[in-house]
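> Residue strings, one per chain:
There are 2 protein chains.
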Amino acid sequence: MAELSPSRRIRRTPFSARVEVAGVKAYTVYNRMLLPTVFESTEADYHHLKKAVQVWDVACERQVELRGPDASRLMQMLTPRDLRDVAPGRCVYVPIVDETGGMLNDPVAVKLAEDRWWISIADSDLLLWAKGICNGYHLDVLVDEPDVNLLAVQGPKAEDLMERLFGAAVREVKFFRFGEFHFQGRAMNIARSGYSKQGGFEIYAEGADIAMPLWDALFEAGRDLDVRAGCPNLIERIEGGLLSYGNDMTDNNTPHECGLGKLCDTHAAMGCIGRDALLRVAKEGPVQQIRPLEIAGDPVPLCDRAWPLMAGDKRVGQVTSTIWSPDFGVNVAIGMVRMTHWDPGTRLQVETPEGLRDVTVRESFWA
Amino acid sequence: MAELSPSRRIRRTPFSARVEVAGVKAYTVYNRMLLPTVFESTEADYHHLKKAVQVWDVACERQVELRGPDASRLMQMLTPRDLRDVAPGRCVYVPIVDETGGMLNDPVAVKLAEDRWWISIADSDLLLWAKGICNGYHLDVLVDEPDVNLLAVQGPKAEDLMERLFGAAVREVKFFRFGEFHFQGRAMNIARSGYSKQGGFEIYAEGADIAMPLWDALFEAGRDLDVRAGCPNLIERIEGGLLSYGNDMTDNNTPHECGLGKLCDTHAAMGCIGRDALLRVAKEGPVQQIRPLEIAGDPVPLCDRAWPLMAGDKRVGQVTSTIWSPDFGVNVAIGMVRMTHWDPGTRLQVETPEGLRDVTVRESFWA
Numbered sequence: 001m002a003e004l005s006p007s008r009r010i011r012r013t014p015f016s017a018r019v020e021v022a023g024v025k026a027y028t029v030y031n032r033m034l035l036p037t038v039f040e041s042t043e044a045d046y047h048h049l050k051k052a053v054q055v056w057d058v059a060c061e062r063q064v065e066l067r068g069p070d071a072s073r074l075m076q077m078l079t080p081r082d083l084r085d086v087a088p089g090r091c092v093y094v095p096i097v098d099e100t101g102g103m104l105n106d107p108v109a110v111k112l113a114e115d116r117w118w119i120s121i122a123d124s125d126l127l128l129w130a131k132g133i134c135n136g137y138h139l140d141v142l143v144d145e146p147d148v149n150l151l152a153v154q155g156p157k158a159e160d161l162m163e164r165l166f167g168a169a170v171r172e173v174k175f176f177r178f179g180e181f182h183f184q185g186r187a188m189n190i191a192r193s194g195y196s197k198q199g200g201f202e203i204y205a206e207g208a209d210i211a212m213p214l215w216d217a218l219f220e221a222g223r224d225l226d227v228r229a230g231c232p233n234l235i236e237r238i239e240g241g242l243l244s245y246g247n248d249m250t251d252n253n254t255p256h257e258c259g260l261g262k263l264c265d266t267h268a269a270m271g272c273i274g275r276d277a278l279l280r281v282a283k284e285g286p287v288q289q290i291r292p293l294e295i296a297g298d299p300v301p302l303c304d305r306a307w308p309l310m311a312g313d314k315r316v317g318q319v320t321s322t323i324w325s326p327d328f329g330v331n332v333a334i335g336m337v338r339m340t341h342w343d344p345g346t347r348l349q350v351e352t353p354e355g356l357r358d359v360t361v362r363e364s365f366w367a
Numbered sequence: 001m002a003e004l005s006p007s008r009r010i011r012r013t014p015f016s017a018r019v020e021v022a023g024v025k026a027y028t029v030y031n032r033m034l035l036p037t038v039f040e041s042t043e044a045d046y047h048h049l050k051k052a053v054q055v056w057d058v059a060c061e062r063q064v065e066l067r068g069p070d071a072s073r074l075m076q077m078l079t080p081r082d083l084r085d086v087a088p089g090r091c092v093y094v095p096i097v098d099e100t101g102g103m104l105n106d107p108v109a110v111k112l113a114e115d116r117w118w119i120s121i122a123d124s125d126l127l128l129w130a131k132g133i134c135n136g137y138h139l140d141v142l143v144d145e146p147d148v149n150l151l152a153v154q155g156p157k158a159e160d161l162m163e164r165l166f167g168a169a170v171r172e173v174k175f176f177r178f179g180e181f182h183f184q185g186r187a188m189n190i191a192r193s194g195y196s197k198q199g200g201f202e203i204y205a206e207g208a209d210i211a212m213p214l215w216d217a218l219f220e221a222g223r224d225l226d227v228r229a230g231c232p233n234l235i236e237r238i239e240g241g242l243l244s245y246g247n248d249m250t251d252n253n254t255p256h257e258c259g260l261g262k263l264c265d266t267h268a269a270m271g272c273i274g275r276d277a278l279l280r281v282a283k284e285g286p287v288q289q290i291r292p293l294e295i296a297g298d299p300v301p302l303c304d305r306a307w308p309l310m311a312g313d314k315r316v317g318q319v320t321s322t323i324w325s326p327d328f329g330v331n332v333a334i335g336m337v338r339m340t341h342w343d344p345g346t347r348l349q350v351e352t353p354e355g356l357r358d359v360t361v362r363e364s365f366w367a
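Protein chains in written order, with UniProt numbering: chain X, 1 to 367; chain C, 1 to 367.
So here's chain X without its partners, still in its complex pose:
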């Protein structure tokens, strides 16, 4: 692996100083911001995440704030998911599509009030799309990136740790709901969500000045819980089938290809910019779709480009995320497969940088 050159353009987060002290070994860049990828090692981080609790600097999940009388109208223009029944206090996972139905992002949208949303974005400048649409349609909405920095607390002991800081009420927060809690006199929204299948919370910390005190308090309170600095873990997320925008799908893909067709209420989502394009897909279904895949043999290298998925001489898809799973003893993978070959049990081959490997299409993800 090569080094990452520091510059202001690759933005630090308000937690970066603590992340460095915790011994971060590698980063990726996400929304032009640092996102840690490895502390001890990907495997050691993974084992720890599954049994204890970790604090993740995911400030790179930047917020796009929509505020104003037309905020909910703009939000509905961005997504084919029907948002009419979403009450304030709820989080919704929403595919965002352009006029062709191509995925621009797959954020979690947080409805703060009828006239106010935070969109917690994956890795693409959704801010610019939302601003452009807002301007072009002359909507009465302020579209902005607020000074909100996400800290995730993930792992089986996440509830125990969070209770010590925020009280027992935090245990009552249901999945994909959020509540307002207080820390050092400051209100902050805490949602039961996060980019792992181990359970946990995401704290929407407003104001960079509160970031380090919050980090420090979590580590102070969780010492006996073996709390450690962590980050989204490649093994755990592939086992759990958590998709990664830019890796597993791009603007070339429709939500239906990404297995998000069930989130598309294309008929009802009046105003959605990609609605016309998606109506046909909704009727006929996609011709390729994301599938869990198992790659045979020894651990494969990291997947830094799409690996062709072959049925004999015919290309029938591609692998975009893969890694060796210690717990399952196989290479777990995510790929896009054409409908002719996507049935569970289908045997294919993948062209890895180290040669051809056997692949089996699975029924479901591992976790």
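Everything hinted at is true.
Some but not every residue of chain C turned toward chain X, in silico, with C-beta under 10 Å:
hint: 1; residue: Asp125
hint: 2; residue: Asn247
hint: 3; residue: Cys303
Every beta carbon over 10 Å from chain X, so not counted as near; a handful from chain C, in silico:
hint: 4; residue: Gly89
hint: 5; residue: Gly167
hint: 6; residue: Glu206
hint: 7; residue: Trp342
On the chain C side, residues computed to face chain X include the following (Cβ under 10 Å):
hint: 8; residue: Thr37
hint: 9; residue: Thr42
hint: 10; residue: Leu104
hint: 11; residue: Lys131
Calculated directly from the structure, the hints in this document are not laboratory data. All residues carry an ideal CB built from backbone N, CA and C; glycine is no exception.
Using the hints provided, position chain C relative to the given structure of chain X.
Relative to the frame of chain X, chain C by itself:
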């Protein structure tokens, strides 16, 4: 420095395989794509760039293509520079602004025809802004990212090398003009441009399949010219005062603050989205502006966040790019300074991670 974790989301370029063979030591991420930053060392790369010729993989300068009857109208909506007199065959450096006059990008726009532009972008998803505006105003333009990959040939021997591949006519291409040339039977636009002050060209290679043959041919032809793989060099670009979007300016800054006021024909640029906001700035001038700065003493560390610029206890600006210049024997720097303290010769102090340093505002950049 930490390592950069590979993933498909951080896109490789069609030249990446050659860049690796050439011994790249570090990268940055630019438009979600790999951009090499160091080969031998920043200093060794710099000395070589100033005396020989380098080939740079700058495919990360992605193109936003505007094509269709309203292409020139959309282009004018994006920028306060008056584009009415720009003829096909010309490149123009254009500030791109949002409705508040904030800089969204500072690309080179290439006018291919009356109804067709390529915008060669700095590090922000201008594609999404242009698509959003196009959609909102119902313009008749196709906005897309074509499969065009830029290869820069930079350095005092760039002309000699280019002539060997493209013939003597390439010497006739004037600064910020381009011409159509042929390589292995394929037409490609070649502009006299590039992100250095050493002279050279940028080749707009269309189609990923032509990338490696082009790279190999340049190295084959330039063996006796000591051609090497290179990249935008931090020392050389600061000496030359080449601004970096995301480092020296962000969407918080107007073009006038970036010293680009002379490119803003705000009265004439009818249709420019940020026109109203910029009319006042154009009249009154900015209250802060980018300046060349000299930092006293030994080499300073790399600048990975804004360093406060102080006049006594008062913050009067910030330093955003700096490095030791071997040729000038000082720390060269770029910063934003308030008008009360921006006159050449003004003495200030900067808070570096290693303590306070004396700073002098300079009259002009070094090169």
